[in-house]
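The listed protein sequences derive, respectively, from chains A and B.
Every letter in the first sequence is one number past the one before it in our numbering, and letter 103, counting from 1, is 144.
Every letter in the second sequence is one number past the one before it in our numbering, and letter 320, counting from 1, is 317.
Everything labelled a hint here was simulated from the structure, so no lab data went into it.
One should not assume that every hint holds.
Claimed, not checked - Straight-line alpha carbon distances no greater than 20 angstroms define the calculated DMTMM-like cross-link-like pairs of lysine to aspartate or glutamate that follow:
1. B:Lys12 - A:Glu139
2. B:Lys354 - A:Glu53
3. B:Lys12 - A:Glu183
4. B:Lys12 - A:Asp140
5. A:Lys168 - A:Glu145
6. B:Lys185 - B:Asp234
7. A:Lys168 - A:Asp204
To be verified - Selected chain A positions facing chain B (Cβ under 8 angstroms, derived; list incomplete):
8. Ser117
9. Ala122
10. Tyr130
11. Ala136
12. Ile149
For each residue, glycine too, the CB sits at the ideal point set by N, CA and C.
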Amino acid sequence: MALISMMSLRKEYRRGQHTTHAVRGVSLEIERGESIAVTGPSGCGKTTLLNMVGLNAVPTSGELQIQGFKTKSFSSSKLSALRSSFFGYIVQDFALIEDYTALENVEIPLLYGPERLGRRERHQRVKAALARVGVENKVHQEARNLSGGQRQRVAIARALVSDPQVILADEPTGSLDSETGHEVFSLLIELVQEGKTLILVTHNLDLAHQCGRRVQMKDGLIV
Amino acid sequence: MITQLVFSFRDIWRKPVIFGFFAIQLVVALFFGFVSLDQVRTSVQHTTVARGLADSRLVFFSPNIATLPQRRLTPTELMVTTLDESQRAYSVVTSLKLQDYPGLNVVVGLGAFAETFRLAGDLSAIPKPIAFVGHDVDVVQVGGVVEFGERNTENIAVRSRLPRGSSYILRGTPTSLDDSLLILVDAKSVLGYFFNSWQHFDEIMVNMCLVDPTGAELAQFVSRILNDAGVALNPIDLNAHSRQVHDGNFYGALFFLVFFGITMVYTLVGIVVNMLQLIDSHLSEYAIHLLSGARMWHLYARVFIYVFVLVSPPVMLVSWLFLLMHQMPMYGLVGVVPPLICLILLLAGFPILKLYKTDLFAHLRSDDQWH
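Chain A on its own, in the form it takes in the complex (with noise of 0.2 angstroms):
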């Protein structure tokens, strides 16, 4: 059974008589422990699909699956908890909050997560993540006062704080210089070796080229 299984998933935007396709019936399975590369021009629906898996965004029609479930059956409160604990989210321009400090950016997910968990246990949770993407000694700092790598690895241990499953990378170093970009794809590349899976949204081929699997989108359609 897939992970994640998708049946001509459309979106559509209406604004006034006007109506978009932005994604127009992509049917994609993406198994445990894989890493897939979606890839496009502007405009081609590549993050409106992404924000289709994570439970960002509801499909105008077709099914998506979560481990063999039709996530249409979902209540809030279970899409609530997928979100916070089974998907982790990255996007390019880091989405930290600018006043909050690293912990406490990092602290979000888990204040809504399943688990009640305490102060201390949580602040330990966020420290063993921020570790794990070596910003360690940057717990304190306010995101405003990071690098754009640091700010990166902040948001990416964000989104590795409730060991999800999945990761969903939109453009993770489209905001970085390439060096560090490589660094980022590589700490990314390296979670994908531990288990977890990867969908990642990106321009940049060479790192589309690393990924185990590459798909093209064109149009709201895989080509």
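With the hints as your guide, set chain B onto chain A.
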């Protein structure tokens, strides 16, 4: 919920000056609101009491202070004739205190006091002095005995409790008896109770109120007081005075209500605009929370708590001051809760609607996005 409480306080802490500014503005606006309500309440009270007494055509007096030291003799006989015999006038002494209950307000009623204000039924067969306690008095109970007088003293048993809202007219102003001990005394004997009877006599004359006097009676009374006591009294018709007071209160209340309305609208619009700006500046943050497992109601709760913390202290503070000023029981604050909740829902509704309608994830997308 505790998590959202912490995040809300963080939101406040990010811009404490703006938060404080709106809180103070709300206090000022609500203060004017309560002042106008108070004005309306006073106006309604005054008008109700005055209308109830309109048929009695009461005439009270405003003394000319400059004439007070020119007293020649005490017109005790006039006082007794007017108050005790004609039964078409009343007066009061309010400056007395009882030795045993120094904190208790005492109203000594003379002449047709009980009849004019329809207190305690027919008392004509009962010899005076007679005592009654106001509705809210608890230091003295019905059947209890109070010692009255300084020179001649008398123990008076409290006959009954006056109904809530009992009041009388003191120099043109309705005055409550709810927190007072009322003692009805003959004018003939009243001065005998005190060593300093001059002072009380002045008070009785100044507080005198004639019931439906003819022009001749009024002229005779005023001229006799002037000739005998040397005190010039200006008669004032209560009905005309009440209309004047009612108009004054009405326009005063109207002014305050308009001022309150403008200030309140200005403040509420300011708070809503501030909340919408707060939401705008936090959209990415909310999206991060959603990505991390938050549900929309977590975000709504955060907004709700922010508004609650902003609005509740000013509303409760002003309500508390209002109750304190009117010596009303503090459980009255419970009555403020429903309008407070309505206000919070109204203010939180706009930013929550904005959150509901916003695609928060759009604020995290890279260049590969659909709008």
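- Query: Which hint numbers doesn't this structure obey?
  - Reply: Structure breaks hint 6 only.
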